[in-house]
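**Student:** Make the full structure from the sequences, and use the hints.
Order-wise, the sequence lines are chains A and B. Going by our numbering, the letters in the first sequence line up with residues 148 to 795, in that order. Going by our numbering, the letters in the second sequence line up with residues 148 to 795, in that order.
Any given hint might turn out to be false.
The list cannot tell twin chains apart, which means a pair is met if one copy fits it or any two copies do.
As the list claims (entries may be wrong) - EDC-like, lysine to aspartate or glutamate: derived pairs with alpha carbons at most 20 angstroms apart: (1) K480 with E515; (2) K475 with D418; (3) K403 with D313; (4) K627 with D571; (5) K153 with E186; (6) K317 with E604; (7) K404 with E296; (8) K236 with D534.
To be clear, the hints were calculated from the coordinates, so they are not data collected in a lab.
Protein chains: 2
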Amino acid sequence: MTQAVKVIFKSPEAGCPDHIASAARGASILDAAHGGGVEIIATCGARGRCRSCRIKMVRGSIPPPTVQDAVQLGSEAVRDGFRLACQTKLVEDCVVMPMPPRAEAGHQILGSGRSVTEDSGFVLESGVEKRCVKAKAPVSEHHQTSDHEEILLAAGSVATREMPLDVLRKLAAVLRSEAGEVTVTTFNGRIIDVEAGDTSQHCYGMSFDIGTTSIVGSLLDLSTGEELAAVGSMNPQAPFGGDLMSRIAFAQFDDKKLQTLRVKALNAINDFIREACERAGVSHEHIYKIVLVGNTCMHHILLGIDVSYVGLAPYAPVVRDALVVPAKDLPLKVAPRAQICTLPIVAGFVGADTMACVLATRIYESKEIRALVDIGTNGEVVMGSRDRLVACSAPAGPAFEGAQIRHGMRGAVGAIERVHIDGDVRCTVIGDQPASGICGSGLLDACAKMVDAGVMEPSGLFRRKKLDELPAPLVKRLVKTPEGAVEFVLVWAEQAAKAGNVTLTQGDVRQLQLAKSAIYSGIAMLQHVMQVGNDQLDELMLCGGFGNYIDVESAVKIRLLPELPVDRITYVGNAAALGAQLALLSETERRRATELADRIEHVALAARPEFQEIFIEGMRFAGRVARPGDPGPAASGQPDAVAAAAGE
Amino acid sequence: MTQAVKVIFKSPEAGCPDHIASAARGASILDAAHGGGVEIIATCGARGRCRSCRIKMVRGSIPPPTVQDAVQLGSEAVRDGFRLACQTKLVEDCVVMPMPPRAEAGHQILGSGRSVTEDSGFVLESGVEKRCVKAKAPVSEHHQTSDHEEILLAAGSVATREMPLDVLRKLAAVLRSEAGEVTVTTFNGRIIDVEAGDTSQHCYGMSFDIGTTSIVGSLLDLSTGEELAAVGSMNPQAPFGGDLMSRIAFAQFDDKKLQTLRVKALNAINDFIREACERAGVSHEHIYKIVLVGNTCMHHILLGIDVSYVGLAPYAPVVRDALVVPAKDLPLKVAPRAQICTLPIVAGFVGADTMACVLATRIYESKEIRALVDIGTNGEVVMGSRDRLVACSAPAGPAFEGAQIRHGMRGAVGAIERVHIDGDVRCTVIGDQPASGICGSGLLDACAKMVDAGVMEPSGLFRRKKLDELPAPLVKRLVKTPEGAVEFVLVWAEQAAKAGNVTLTQGDVRQLQLAKSAIYSGIAMLQHVMQVGNDQLDELMLCGGFGNYIDVESAVKIRLLPELPVDRITYVGNAAALGAQLALLSETERRRATELADRIEHVALAARPEFQEIFIEGMRFAGRVARPGDPGPAASGQPDAVAAAAGE
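**Tutor:** Written out as structure tokens, the structure reads:
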């Protein structure tokens, strides 16, 4: 059963009445508007190819931007809560304000090489160009030319002279099969394909974010920027090591095993390509550019580059430069000379995926200092502004994924995802089923609420003294195991999906503390390096899958995140995938990544003498939830987060 | 049994006595000198790497130059009869003059990037450079670099930044296996390989001339220019069509058959690579550059390019440009990123092999007008000087290879190769065996001598009238077949290797006439286009295998070649193979080929209205053998060869 979600459309003109509409969860805001009789113009037919349907989110959580939002509206508008109604899926009740129609010039369909709008600044120029030309086969025996020269003549100044062997091999037949009508495809001016007849309308690309856990991909029309299909699944390498380091350990000094992992990923990507093409009804031979992002390990494995030394100090990559490789060298099943582009790597554990996040969030052009945090088994933090950017990796380990937790599980049906304590414990379980276990977001919520309720000390220890001050149902939940250890019962066996209670052990809490301190200390360390207090940190952007699920208040409470007002903490979605899409649609963005990689300073946490102390302090659950208007720590006499941690 | 050959060493100083030495046929002149106590200095150890042993051929046929002759002595000296004694094999008795020793500076070992001698003008610069550098693996976790950047740092300005994926894949292990000692190989500044340890001494290349009939190859040391091995055999594609057009017909519009031919040639070349490496004791992985030449058909087939339209008017190639392709794309079993370089093509039937001949003979820098003639089933003629170059192809057909001739055979043991008529017929048979048949050179010699003896009319018809004026043994040889046709018996059945007489039929003579007229008319047509009479044609250079076997006097007599004094007709050896070697050793030469291909004007014989008449006239056997000092046709009132042919 799909839930109905309510949308209030505020009138942009003062004094006019609001409209209320509703639609199924997952429908677009545009659907809700049209269903409720609210007129919002969708010039491009709701394909994300113009900006006529833009709205401002007034209340309710602001969904992460899609690449169409980013492309059509620009980063500033996106950050200010503007979205395309056709691209924004309904998640919860919200209030939005449609924008008044603009001059028609602003609504033009996205075309190659033109700036989308005056203010977005994004120019669609993927580097791939298809042009149908009229060529003739050589006719003179005297002044002999060649098929190759005739194509160049017809193509004019579009293409450089060089033509790859694959293309030469089919040229004779192509030139003669459609009366000389030939479509020439170039990438940055170099010919990468020729086809008989006019196929210039079919120009596609794909972007992939290859994570340790999951792979997501997107098929885009390179002439319009439109997303034609989105695909994704778990990374099939997972059976060979759940996290990065065990994946590296599997393939270390063993080329056969490296190839095993490579083939797994390649097959998955080739399956995605086929699936996306089927769903969009396009030919895989019309995919000419692919942008791949991923952490250094995934990047190297997919390219067949030895990862042995990425797993050993100083964890250096084999190559950091952005690469461009023909598809047949991987091989990926697209046009043989399609260009596979990877984004650059900053350091062994600050990979191409982080670069993509930097691109997507445009932190590099921010006047204010912002932070970008990807919480995962290997978290990454980037901090800075247009003046300076620093980055570090924070090895959180797998606790956030429910691993090494007694009743831990991934965020699937049956997992506790929220914990409420008000005299007694009440758990929210994914899918409204009896609880099978607890996932990462449930774990951190549980700890936050237990500290709040006084069942747990800020040090992370279960309360042992003055238990009579607690409500009796809570005391009852602190049970002794046969071994004499204490556990906290979240769900009693009767309500659980399996035999026995779903509990939290003291060991589970320690695992969470190690994980959350890694992230917290990483952020604190970059604040220390930048000499930036919480009050100077304008925004903390959470990205990646996990960031979507955590309760921000709880995350601040247990000091996974620094003590910022919650409205300064935003979820920006799968920024890595978005960045890959931007680099796919724009060579300027792709080149920018290389410039940025050179600029970003890498901070190696473990190599810093002060880190140990910060990390140990970061283990504690403490602090308070800051609210808008609260003074930041600096204003309350704490010059920066390090001092805050040290002075607790 | 090897024959002993006599060499007279003339003293360069007047009045000094000559020395006489002898050595086995096939030995070098240097061997003969040293065996006979004649002191000739061989600074480089007889490896063709210096010019200290140079001699001038004074009498006896001048052997075709080797690449060492060309490289060490320069084209002018080579044309003047200078050779390296260490490279010149004894074929027949000869008189040579050793050159006085020069200043030691002139004798230096060939080094990369230096001009060999002041006057040869040849600079050894293959484009391939190997440099052993001392690199270190990345050490800092803070200021992270990558293996790639450490290699670049160590290599300094030698290499550009880009590194191919194949090289990146092995980089991590290479960097760490010999304490950071890494040999970096570049081609024109781009990294194509890295190896652990110092392998900088091992830098090789191969050149191949892929003919319709045979394939020859050469393994050269790119640092010294030395030839380490020569390989060759029949083209294994031959069973799929003996000549060019039947080879094309086989693969036309049938990709599978094209692949069959391609694989045959690829396998042969890969076998040659293995064989050459074994013989020279070098690793195929140290071969970094390969230059391939061949006619358009062989060129396209080897690269897997469709030849369908090369066989149809206007016989246009798919591509004429010089190509550079990584070895793994063919694939050839050498270093994976070795550069396979093809020379450019002028026209469908004036291919990369002709370009190689142009390079080798340096006809493009000649002050005088010269002609270059490759006699084969598809002959090519290039004519001109530094001011203008024209070229045509002359489709001679397979008669010169003994095909479509009743008793025709290739030039193998048992083939009649020379015919002498002096009252009766005496034949020289290859290998001094009873005759099995007649090869191309025997065929044209037979016709020349038969015209001379009056057994055949200049029109090519066997004599029918006034037979009583001929010696009786000759008349006896004009026999009637049961069908009533006349044949000329070259060898009576008793002396033949097979049952029955070895004869020449009227049809055989017609085949030869068609073949020889194609070449003769091709030359005449270019003379017409250039407006050049025989007296202005300074040299006619014969190249290719067949040119070596024909009797030049007979060739002029039957008008296969124009009526030039025989000392203006020289045999320049396998110029295509030599040109490929030059392009292998010098990027300047390779680039020059592209410039030249643009300059050469293609003359399509069949498309010229005047050709028909020239060709029919060229069918006749006529003319006289010109001798040194004879006035050329122009001097005798014939303005050019066309007029000569028309006015006969």
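**Student:** Give a verdict on every hint.
**Tutor:** Hints and how they fare:
Taking the shortest alpha-carbon separations for K480 and E515, neither the intra-copy value of 43 angstroms nor the inter-copy value of 57 angstroms comes in at or below 20 angstroms. With identical chains, the CA atoms of K475 and D418 are at most 20 angstroms apart within one copy only, with a shortest distance of 16 angstroms there and 26 angstroms across copies. In this assembly of identical chains, K403 and D313 lie within 20 angstroms of each other by CA distance solely across copies; the values are 16 angstroms between and 29 angstroms within a copy. In the homo-oligomer, the alpha carbons of K627 and D571 lie at most 20 angstroms apart inside one protomer (18 angstroms), although the nearest pairing across protomers, at 125 angstroms, exceeds that limit.
Only within a single protomer do K153 and E186 lie at most 20 angstroms apart by alpha-carbon distance; the minimum there is 17 angstroms, versus 107 angstroms between protomers. For the identical chains of this complex, K317 and E604 are neighbours neither inside a copy (73 angstroms) nor across copies (52 angstroms), given an alpha-carbon limit of 20 angstroms. Taking identical chains as interchangeable, the C-alpha atoms of K404 and E296 are never at most 20 angstroms apart, the minima being 46 angstroms within one chain and 26 angstroms between chains. For the identical chains of this complex, K236 and D534 are neighbours neither inside a copy (35 angstroms) nor across copies (74 angstroms), given an alpha-carbon limit of 20 angstroms.
Comparing the model with each earlier hint shows violations of hints 1, 6, 7 and 8; every other hint is respected.
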